[in-house]
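Enquirer: Chain residues, written in single-letter form:
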Amino acid sequence: MTLSDPSGTVESVPPAIEADGLVKRFGATTALAGASFSATEGTVLGVLGPNGAGKTTATRVLATLLAPDEGRGLVGGYDVVAEPHRVRTLIGLTGQYAGVDEALTGTENLVLIARLLGQGRAASRRRAAELLAQFGLTDAAGRAARTYSGGMRRRLDLAASLVGRPRILFLDEPTTGLDPASRNELWDMVRTLTDDGVTVLLTTQYLEEADQLADDIVVIDRGTVVATGTPRDLKARAGAAVLQMRPTQPEQLDAVRRVAAELAGTEPTVEQGTVAVPAVDDALMPAVVRRLDDVGVSLAELTLRRATLDEVFLALTGHRAVEDDQDTEILKETA
Amino acid sequence: MTLDRTTTVRPAVTTDPGPRPPSRRVSPGQWASQSLTMAWRSIVQIKHNPSELLDLSIQPIMFVLLFTFVFGGAIGGSTDAYLQFALGGLIAQNALFLTIYTATGLATDLQKGTFDRFRSLPIARSAPLSGRILGDVLRQLWSLVVLLAVGVLLGFRITTSPLAVVAAFGLLVAFTLAFSWTSVLLGVLARDPEKVQIYGFTVLFPLTFASNAFAPTQTMPGWLQAWVSINPVTRMADALRGLLVGGPVAANAVATLLWGVAFAAVFGPLAVWALRTRT
Ligand SMILES: Nc1ncnc2c1ncn2[C@@H]1O[C@H](COP(=O)(O)OP(=O)(O)OP(=O)(O)O)[C@@H](O)[C@H]1O
Ligand SMILES: [Mg+2]
Numbered sequence: 111m112t113l114s115d116p117s118g119t120v121e122s123v124p125p126a127i128e129a130d131g132l133v134k135r136f137g138a139t140t141a142l143a144g145a146s147f148s149a150t151e152g153t154v155l156g157v158l159g160p161n162g163a164g165k166t167t168a169t170r171v172l173a174t175l176l177a178p179d180e181g182r183g184l185v186g187g188y189d190v191v192a193e194p195h196r197v198r199t200l201i202g203l204t205g206q207y208a209g210v211d212e213a214l215t216g217t218e219n220l221v222l223i224a225r226l227l228g229q230g231r232a233a234s235r236r237r238a239a240e241l242l243a244q245f246g247l248t249d250a251a252g253r254a255a256r257t258y259s260g261g262m263r264r265r266l267d268l269a270a271s272l273v274g275r276p277r278i279l280f281l282d283e284p285t286t287g288l289d290p291a292s293r294n295e296l297w298d299m300v301r302t303l304t305d306d307g308v309t310v311l312l313t314t315q316y317l318e319e320a321d322q323l324a325d326d327i328v329v330i331d332r333g334t335v336v337a338t339g340t341p342r343d344l345k346a347r348a349g350a351a352v353l354q355m356r357p358t359q360p361e362q363l364d365a366v367r368r369v370a371a372e373l374a375g376t377e378p379t380v381e382q383g384t385v386a387v388p389a390v391d392d393a394l395m396p397a398v399v400r401r402l403d404d405v406g407v408s409l410a411e412l413t414l415r416r417a418t419l420d421e422v423f424l425a426l427t428g429h430r431a432v433e434d435d436q437d438t439e440i441l442k443e444t445a
Numbered sequence: 011m012t013l014d015r016t017t018t019v020r021p022a023v024t025t026d027p028g029p030r031p032p033s034r035r036v037s038p039g040q041w042a043s044q045s046l047t048m049a050w051r052s053i054v055q056i057k058h059n060p061s062e063l064l065d066l067s068i069q070p071i072m073f074v075l076l077f078t079f080v081f082g083g084a085i086g087g088s089t090d091a092y093l094q095f096a097l098g099g100l101i102a103q104n105a106l107f108l109t110i111y112t113a114t115g116l117a118t119d120l121q122k123g124t125f126d127r128f129r130s131l132p133i134a135r136s137a138p139l140s141g142r143i144l145g146d147v148l149r150q151l152w153s154l155v156v157l158l159a160v161g162v163l164l165g166f167r168i169t170t171s172p173l174a175v176v177a178a179f180g181l182l183v184a185f186t187l188a189f190s191w192t193s194v195l196l197g198v199l200a201r202d203p204e205k206v207q208i209y210g211f212t213v214l215f216p217l218t219f220a221s222n223a224f225a226p227t228q229t230m231p232g233w234l235q236a237w238v239s240i241n242p243v244t245r246m247a248d249a250l251r252g253l254l255v256g257g258p259v260a261a262n263a264v265a266t267l268l269w270g271v272a273f274a275a276v277f278g279p280l281a282v283w284a285l286r287t288r289t
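In order, the protein sequence lines correspond to chains A and B.
For the first sequence, the numbering used here gives the first residue as 111, with consecutive numbering after it.
For the second sequence, the numbering used here gives the first residue as 11, with consecutive numbering after it.
There could be a bad hint or two in this list.
[Unchecked claim] With the C-beta cut set under 10 Å, the calculated list includes, among others, these residues of chain A facing chain B:
(1) A173
(2) L175
(3) G186
(4) P194
(5) L203
(6) T204
(7) Q354
(8) T358
(9) E361
(10) Q362
Simulated from the structure, these hints should not be mistaken for laboratory data.
Even glycine gets a Cβ: it sits at the ideal position worked out from N, Cα and C.
All chains should be modelled from the sequences, with the hints used to inform the complete structure.
Expert: Given below as structure tokens:
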């Protein structure tokens with residue numbers, strides 16, 4: 111990425127996080143199959159992918175916990191394999207599974223980290239109190255973490271990753287298990303951090319989360335990057351908008367699907383009596399309406415809306431990000 | 011809308027060299043301070059879970075009482091004579107049992123993700139381990155004091171010098187530290203505190219009982235004597251007896267330490283390998 115400065119020269123700013131062809135195998139499983147992506151300083155990179163896509167593995171490699179079999183990871187300009195200690199001075203990590211010591215109180219957990227980072231006794235206590243207040247845990251500060259609810263534990267874990275004021279933060283599915291209110295608080299937290307120039311790599315299975323928080327999104331599937339871009343780019347790629355049609359008579363669903371497939375050139379999704387297809391150009395809607403009229407299908411509903419990332423994911427990977435309930439099905443070609 | 015956020019512009023490198031690059035590794039002083047902090051954590055854990063101190067006390071006390079009063083008369087002729095013989099063995103056995111704490115603690119940290127958190131910090135790679143082991147030495151000290159105190163209450167007489175008692179503790183710590191590598195390996199491989207307990211005691215019970223800790227070697231069948239006489243628990247029990255109530259020390263202490271070296275030489279690298287590849 112290059113930025114122009116006022117004098118007119120172009121200065122190249124190295125990315126805060128850079129993964130270059132990362133490969134990691136566990137026996138017969140290939141968790142990462144050559145994943146490459148990067149995050150610009152002060153931005154949020156959303157790593158989006160379904161279960162087993164390799165999100166945690168990528169995070170662990172970049173956080174120096176796991177050596178890649180091939181490829182290179184650079185964090186803050188330092189190689190994660192050659193200079194892990196330097197990388198660790200820059201990063202904070204909130205793993206997928208809370209890393210707090212359940213036998214210790216909230217305060218003790220944070221003081222432990224601060225002391226390990228070389229802060230004095232009083233400074234450690236101050237920092238702990240500050241973070242506990244920031245995460246709404248002051249009342250629970252003196253209780254053992256094992257008595258915390260899942261959400262409280264997650265927040266304590268996040269606080270622990272911030273003790274050293276990291277410039278680069280790894281958050282592996284940070285909102286899994288949080289209620290909507292806590293999730294929104296965490297989102298605000300992340301926004302505050304990036305406003306201060308912190309770079310955040312955030313993995314998630316929730317398309318909405320990536321859409322809300324990320325400046326850039328990397329979609330990974332089976333260990334490889336299947337798409338990169340801003341949320342807007344990705345939506346544009348699967349059709350900026352989605353045309354949604356519901357026939358008056360449910361038995362005409364298949365006819366609608368066939369017409370939509372033919373005119374849009376891609377296979378539509380059929381869900382709860384509605385056919386949805388990426389609207390690649392403006393002419394699609396009138397064309398579909400005319401054709402359906404010709405074949406005698408009447409529509410109860412016809413809408414043009416922005417694509418959700420869920421649809422983007424489907425378009426990019428050929429399968430859904432999150433397996434839905436049974437009544438959701440992707441109809442296969444029947445003709 | 012997140013798309014509109016402006017990119018942070020960094021000052022030109024020529025005008026502001028920025029902070030010095032972070033150091034490549036930790037200094038010995040930092041390592042020591044980090045290990046002490048980790049040991050502090052062990053102590054705080056005990057503080058929050060005082061029942062662990064009871065665990066650390068009740069089991070050895072029970073063993074002393076049961077062995078002295080149930081088997082003492084039969085094995086040693088009188089409970090008094092037996093206690094003079096058996097306390098060294100009880101101390102040795104208990105010390106080995108305590109090494110299980112290293113494995114359960116490590117397995118818990120691995121299972122809960124606490125270990126990952128530590129490994130993501132700019133601290134010495136060995137600090138979580140050395141801190142834990144330091145905490146375990148304190149457990150050893152506590153148990154030794156409890157066992158000696160109960161023994162003395164029941165009539166055990168230390169017939170040597172305070173210096174010899176200190177030497178006994180030194181030997182105990184030296185051997186258990188070396189033996190702890192087996193526990194580290196177990197903790198990493200099992201990754202589950204409950205499995206650690208099962209595997210650990212499956213090995214430790216036969217190892218400690220097939221020794222002369224509780225009964226003299228001569229009373230056992232020949233095939234067992236062959237093993238019992240070289241068993242590290244036997245050698246350590248004999249060395250402790252020598253240091254507490256008198257008798258030969260040097261040969262037994264050397265044999266105990268050699269066993270320690272052997273355990274460390276075999277299980278140390280294995281444990282380090284496991285820590286590197288399995289975590
Ligand atoms: N330590 C390991 N040993 C063996 N296989 C592993 C290990 N860690 C990950 N894998 C495998 O690698 C693949 C990627 O796993 P990873 O945990 O990175 O996925 P993920 O995207 O984080 O998934 P989730 O959303 O479920 O957390 C999976 O098939 C997983 O089973
Ligand atoms: Mg994961």
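Enquirer: Please list, smallest to largest, the hint numbers that this structure does not respect.
Expert: 7, 8, 9 and 10
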